[in-house]
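So the protein lines, in turn, are chains A and B.
Per my numbering, the first sequence starts with residue 16, numbered consecutively.
Per my numbering, the second sequence starts with residue 3, numbered consecutively.
Simulated from the structure, these hints should not be mistaken for lab results.
From the three backbone atoms N, C-alpha and C, an ideal C-beta is built for every residue, glycine too.
Be careful, since some hints might not be right.
Listed below are several chain A residues computed to face chain B (Cβ distance under 10 Å; list not exhaustive) [claimed, not checked]:
id	residue
1	Ser50
2	Pro63
3	Ala67
4	Gly141
5	Val151
6	Ile173
7	Arg262
8	Ala285
9	Ala298
Single-letter residue listing:
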Amino acid sequence: MSVVSRATPRRTAVPRPPRTARRAGTGRLAAALLSPTLLVLGLVVAYPVVAAFRLSFMVSSESIDPETGFRVTTSSYGLDNYAAVFTGERFLRPWWNTTSFALVSVAAEVLIGVAMALVMHRAFRGRGLVRAAFLVPWAIPTAVSGLLWKWIFNSQGIANELLGAKVLWSSEGFQAWFSVVIADTWKTAPFVALLVLAGLQIIPGELYEAARVDGASPWRAFWRITLPLVRPALVVAVLFRLLDVLRMFDLPYVLVGPRKHSVETLSMIAFEEMSNLRFGTAAAYATVLFLYIAVVAFSFVKLFGADLIGRGTGSPQ
Amino acid sequence: MSTTVSRPRTAGRPRAGTLARRAGIAVIVAYCLVPFYWMVVSSLRRPADQFSNAPLPAPVSFDNYAAAFDPANGFGRALLNSLVVAGTTTALTLLVAIFAGYALARLEFRGKTLILTLVIAASMFPPITLVVPLLRLFTDAGWINTYQAMIVPSMSFALPLAVWNLTAFFRQMPAELEKAAQVDGCTPAQAFRKVVLPLAAPAVFTTAILVFICAWNEFLIAVSVVNDRQMMTANVIVSLFTGQYRYDQPFGTQMAAGVVVTLPLVVAVLFFQRRIVDGLTAGGLK
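Model the full structure from these sequences, guided by the hints.
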């Protein structure tokens, strides 16, 4: 931003007089070009978030009108929905599932993704085909991949045959939770690898040459050169994945099923409340999830300094 | 480059390293493709062989595909629904996002960083938070079981993705082109239409693929705002299959339908892998 605003006077310096007029014109043009996007985002993002927040405080109660004898529904505002969310035992479990999925899946995806990227980094024949293979798990709809893994984890399926065991994966318990982690890791580790790979490719090769000349071991070069330089890419990838897993719905819903305590996430429980037309508690769950994700995103950006827009807004080259 | 440097020093080592790397790449490709391969193989078994775990289907049978397209499943119609929803979402999104992307990449105005932040933040909202009030709104508006009830909320994730990608692409384009056009007497709008837009066509196409794939894969919105089988998208209907053959679950049929739902995307990925990778990394990293 600052780079450009410094450059602007230089650019407009040639046609002297219309400087301020031109800037006003640019502002108007920008407003015109951006208003459709802002309008749509306001309609499909901002309005629902505010509406969900309002809805989460709305409590409706039914009573009999003493004059007419008809049943009337009155709504008022209160904390009943949040009380229902936090006092019921149906909060901690989904919250913990959501959190543990995020922690374990993202850790596994980062480890596997970085390993993949390191192996892939460097030109070789057939690179295009390998990159296409990377994209296959990403392109399969999550709901379909849920079915696919459900089939793999079937009691008579290939997973049990390969393991030589009889694990009832899709029933309740740790194995159901674990099957979701495996399926999610499979689907998105290549995506992490792609982002890391893009980060690796902007590291100049001379740095490694210099390190080798100085007698650094490959291991040391990895810790001292690769990791610090690929960090921005890695931080962005981790943030994306973290936010994505925290709102996970399709995969556990299709792979294990709704109303399974060991895999139920906050999104799933909000969905279930909504399906049962308990919109108030659904909105309360959804708002809690929203705030949780916002807090995680904010603290992540503060802690690791994810540079999401800073780099882009600057240099016009 | 680095291998050529180290080669004279130790003659045997690079070869071992290359072999290890090839093995590593083979493992990675297997990791990515084997589950998908399993879906294809399972879909090609005879329904009676459903529980066979042989690596190849013998004999190959298309019964599962016939069952998937059985009229009782409504799968053909669901594919059409998916196409309409994802296609319209993509078209509308691009129409809106091209202008925003251009403005964010080229124009200088106050509040630009704020708008970029808002666009990125919008893509991070959990869809369930958006769906709960929208479902109520759509119920009141009589929009349940309509295309627009799926298309409009889909723009919540499609639009940030498209704006973001197009901003990155427009930024990479040399600004001198429009300047030259303006020097030649074009208005900014004409310069945009006659010079920028044709040059940005590949970027727009890449963004279209990305948005289409994301919209095609959408599940939560589609499963929330539609309860009529006639209007369900392919993803939703596949997860609800009862199939022609009454096993506890018709996995063969589901795998066949899964292959049909996925195959267009896999083909697109094969053809456009370079563009898709560029698009995916452009948003986050460039």
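Verification of the supplied hints:
no., hint, result
1, Ser50, "holds, 9 Å"
2, Pro63, "holds, 4 Å"
3, Ala67, "holds, 5 Å"
4, Gly141, "holds, 8 Å"
5, Val151, "holds, 6 Å"
6, Ile173, "holds, 5 Å"
7, Arg262, "holds, 4 Å"
8, Ala285, "holds, 5 Å"
9, Ala298, "holds, 5 Å"
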